[in-house]
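Undergrad: Residue numbers (this note's numbering), protein chains in the order written: chain A, 97 to 453; chain B, 97 to 453; chain C, 97 to 453.
Fair warning: there could be bad hints in the mix.
Since the list can't tell identical chains apart, any single copy or any two copies may satisfy a pair.
Unchecked claim - Below, a list of computed lysine-lysine pairs in the BS3-like style, where the Cα atoms sit at most 27 Å apart:
#	residue 1	residue 2
1	K440	K141
2	K106	K406
3	K402	K311
4	K372	K402
5	K303	K106
6	K434	K424
7	K424	K440
8	K372	K303
9	K141	K303
10	K434	K406
11	K440	K372
12	K311	K372
13	K141	K163
14	K372	K106
15	K406	K163
16	K215	K163
17	K434	K141
18	K215	K266
19	K402	K424
20	K266	K311
21	K434	K106
22	K372	K266
23	K141	K402
24	K163	K440
25	K215	K311
Quick caveat, the hints were computed from the structure, so don't treat them as lab data. Just so it is clear, the structure is predicted and the values come from calculations on it, not from any experiment.
Spelled out, the chains give:
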Amino acid sequence: MAITLGEIAKRFGGEVVGDAMVRVGGLAPLDQAQPHQLAFLANPKYLSQVDATRAGAVLIAPADLDKLTSREGRSFIVTPNPYAYFARVAQMFIDLAAPAALMGVHPSAVVDPAAQVAKTAVIGPNVVIEAGAVVGEGVRLDAGVFIGRGTHVGESSHLYPRVSVYHGCKIGPRAIVHAGAVIGSDGFGFAPDFVGEGAARTGSWVKIPQVGGVKIGADVEIGANTTIDRGAMADTVIEECVKIDNQVQIGHNCRIGAYTVIAGCAGIAGSTTIGKHCMIGGAVGIAGHVTLGDYVIVTAKSGVSKSLPKAGIYTSAFPAIENAQWNKSAALMRNLDKLRDRIKALEAAAEQRDSGA
Amino acid sequence: MAITLGEIAKRFGGEVVGDAMVRVGGLAPLDQAQPHQLAFLANPKYLSQVDATRAGAVLIAPADLDKLTSREGRSFIVTPNPYAYFARVAQMFIDLAAPAALMGVHPSAVVDPAAQVAKTAVIGPNVVIEAGAVVGEGVRLDAGVFIGRGTHVGESSHLYPRVSVYHGCKIGPRAIVHAGAVIGSDGFGFAPDFVGEGAARTGSWVKIPQVGGVKIGADVEIGANTTIDRGAMADTVIEECVKIDNQVQIGHNCRIGAYTVIAGCAGIAGSTTIGKHCMIGGAVGIAGHVTLGDYVIVTAKSGVSKSLPKAGIYTSAFPAIENAQWNKSAALMRNLDKLRDRIKALEAAAEQRDSGA
Amino acid sequence: MAITLGEIAKRFGGEVVGDAMVRVGGLAPLDQAQPHQLAFLANPKYLSQVDATRAGAVLIAPADLDKLTSREGRSFIVTPNPYAYFARVAQMFIDLAAPAALMGVHPSAVVDPAAQVAKTAVIGPNVVIEAGAVVGEGVRLDAGVFIGRGTHVGESSHLYPRVSVYHGCKIGPRAIVHAGAVIGSDGFGFAPDFVGEGAARTGSWVKIPQVGGVKIGADVEIGANTTIDRGAMADTVIEECVKIDNQVQIGHNCRIGAYTVIAGCAGIAGSTTIGKHCMIGGAVGIAGHVTLGDYVIVTAKSGVSKSLPKAGIYTSAFPAIENAQWNKSAALMRNLDKLRDRIKALEAAAEQRDSGA
């Protein structure tokens, strides 16, 4: 499965500098690569590793190529974005090595006769597809996936084992959904129906039926055990090319703008809108009914309770320090108004002294 | 499936003002409703929308009805709680539209002969029910649900796909458990059995067997991928009408009081007791072995490390602000005791000056 | 299933003080134990309960035994670590009571002919085992477990229902993995490949193929719905005897040192290394590419953004207080630099006054 630099450049673009007939059969980091491997320089601070590498060839940006001491006897593919180029070539080698696709429906799968499954789809063991569902060309549903009635799965999507997609949802083409993710579960909505106060309170929570769906655009990736609730009346919407990590929770009626990335363990409460090209850090919490503009970055562990319409970086998390020092600060923090009052008193006294002088 | 206002009022209470023969076939928000739909006014600030709505009728509270400019040619159902009323009517329309229930056990389900499954239960594909389990009347177990040995599922409960309930647990009637939830997994308990310190330490963690169960009251809802651990010796207890959102973690031997609601991504460590009618915000963390009284509200992202016996609202989370400003504050926060010392020094100097004068 | 103190001491060590022929059939806390039960004193503050207990015998440390008022007519097993001893004896009673193991493969399981499953393994209903997988002696795979191609599961491991282990992973012997856990899902890595800024930005995120695996040592326990991502190029590594609670997220290429415990809802971003014997509290977040030394303790809800090479206790979380007081402090916190500036101004004025005097 080795392939020449020339063939790679023909497929993915870029310019070969050196010997276009060099053959490589995989990728590796600069410091580990062997002569049959292609390495990449994604960060100029590792420039010196290019001189030392044993790699057969190196993916490099034009500006970095110019900085090399010598190109003597070496080969390169020059591209403005070596890291993205590396990712694409790596994927190609994986696809070349993959076992031939087994098309068709595993005999243990339970597919409703009123569901529509494309001929080129691969339906794994114990998959359940309900009536009215539509599974597109080239879709792969791994073991134990559940597709509820009327749900559409777009072409070339891959749902890993035990993904559950409730009824009436729509997943765009080329989605990747990792194991255990749940799409379309009920939003968390209850009307309080209580009378009386305290111990005398009687009544109950009345469930608000959740009749919207979840609509997921093209090229979305969703992490393992992530949950995305269906809308109450309208849909929850994930726009194209959103990338969501593991164990993220997205509440009902949220809208996540295109190209936004959301790191693991983040939670977004209901009816919140996040703009395009945002970056939501790990374990960030975002309140319901707020709006984040395009290009908003929220750093890890922060909490957002109000709308952030303007692009920028937002934070509300502290880095851990030694417990003893933290406890001292935390005790003072709880009564910061008292410190402020002491400053005020000092200022007032100084003022009085100055005016008295 | 249209139904008259009179029939609705007969079923759910309230008083029809206007034409009881108006027929509606569904619900919609005031600003989107069509003449064949029923709208609702849950918040008086939208009163003006009632005048403008095209809805066939409106659910409204008595006080709000009195504020309307005109009732001319319009119809209402008057009820003290239009939002809860809306929820109930919406559920009725969903039930009317639902396909006829398919009772019985799917041929792919694996039901132990020593399990007891009610005739009216609906057991989906690939469900596994172990020996000694009891599944009540009208229960619906969706695809891939697992019910461990000796576990009881109360009547009319609905467990969505891939819910796992370990052995020896009890779920009350009318529960709703969303996909991927796990009930009855082992609590996190290990006895340290080490000798020596630092690099010389040897030994191991010894697992504390978790032999309690999980006991869940009536009318509880549990969100997708939520986990509730079984007790170590006694049971973990979720009282009636508790509502739990997605990805919540509840440790062993917790007790959650009736009517309490817990928002997504909250985590409650072991042996903690939460009172009745509490509201636990999203991503809240509560330490183990603490007690929260009735009517305690903890706002989103806060951490609770001590008991909060008194009703009230508790907080320890900051809202995100611009990163540069935050970093300045955070650096000072880490050394708040130094700021305090500088204030002290100023106070001491002033004191000395005053006494010296 | 009752057994004498003498037999217990023979099996687990310790010294019987009193009557070695006393028979016990289970364990219970001191204040609830009956004469046919064994109790344990793990914490000296409950010493008075030993005098009052009805237990048939008590597990006790030598120092505590010496403090008892009287041993008259009572029996003990004396051991340096009664809590760990209790855990081991409790496990023995559970094993004695367990139904005889059903060895073999359930007919509904889908096992690839090119997988290798030990004869003594117990493969539950709807389990899926792909080609090249190796399942060791005495392994128990519960209903719906998925084992990807080439993955190894070490001897005597127990995977609870719906655990998904992707291809090319390795789980050591005696692992316990709770329901819904996902091991080996893709790490979260994308190369930005965009040109232009703001509304004019075009391009996409390019997925970095994740071709490493997950390597899990011996005696590891993993909680329900926890997720552990596979490495990008190298493996994600969990060393021996690590104990991980529910809903923990571990990113790609992390290494978690032996004997470390991680409490529920913690999240660890990619390429982070955690030392041996660490304790990571509940809902802690740890940034990517940092290193924690051995014996580091991070308290619950804290965030770690930099390496913590030194053993110690680290914190960055506040305990919740009354909301009104918190809000006052939080407002001042946001502008702590202004408080600092006011202190500076007071200091400068005092300085000037002093030098002017």
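Undergrad: Against this structure, judge whether each hint is valid.
TA: Against the structure, the hints come out as follows:
no.: 1; hint: K440 x K141; verdict: neither (50 Å within a copy, 41 Å between copies)
no.: 2; hint: K106 x K406; verdict: neither (42 Å within a copy, 51 Å between copies)
no.: 3; hint: K402 x K311; verdict: within (25 Å within a copy, 38 Å between copies)
no.: 4; hint: K372 x K402; verdict: within (18 Å within a copy, 29 Å between copies)
no.: 5; hint: K303 x K106; verdict: between (58 Å within a copy, 20 Å between copies)
no.: 6; hint: K434 x K424; verdict: both (15 Å within a copy, 10 Å between copies)
no.: 7; hint: K424 x K440; verdict: both (22 Å within a copy, 15 Å between copies)
no.: 8; hint: K372 x K303; verdict: between (32 Å within a copy, 18 Å between copies)
no.: 9; hint: K141 x K303; verdict: between (57 Å within a copy, 23 Å between copies)
no.: 10; hint: K434 x K406; verdict: between (34 Å within a copy, 24 Å between copies)
no.: 11; hint: K440 x K372; verdict: neither (45 Å within a copy, 43 Å between copies)
no.: 12; hint: K311 x K372; verdict: within (16 Å within a copy, 37 Å between copies)
no.: 13; hint: K141 x K163; verdict: within (11 Å within a copy, 66 Å between copies)
no.: 14; hint: K372 x K106; verdict: neither (32 Å within a copy, 49 Å between copies)
no.: 15; hint: K406 x K163; verdict: neither (38 Å within a copy, 39 Å between copies)
no.: 16; hint: K215 x K163; verdict: neither (52 Å within a copy, 61 Å between copies)
no.: 17; hint: K434 x K141; verdict: neither (49 Å within a copy, 39 Å between copies)
no.: 18; hint: K215 x K266; verdict: within (19 Å within a copy, 34 Å between copies)
no.: 19; hint: K402 x K424; verdict: between (29 Å within a copy, 17 Å between copies)
no.: 20; hint: K266 x K311; verdict: within (5 Å within a copy, 35 Å between copies)
no.: 21; hint: K434 x K106; verdict: neither (69 Å within a copy, 60 Å between copies)
no.: 22; hint: K372 x K266; verdict: within (20 Å within a copy, 39 Å between copies)
no.: 23; hint: K141 x K402; verdict: between (39 Å within a copy, 21 Å between copies)
no.: 24; hint: K163 x K440; verdict: neither (59 Å within a copy, 49 Å between copies)
no.: 25; hint: K215 x K311; verdict: within (24 Å within a copy, 37 Å between copies)
The structure fails to meet hints 1, 2, 11, 14, 15, 16, 17, 21, 24 from the earlier list, while all remaining hints are met.
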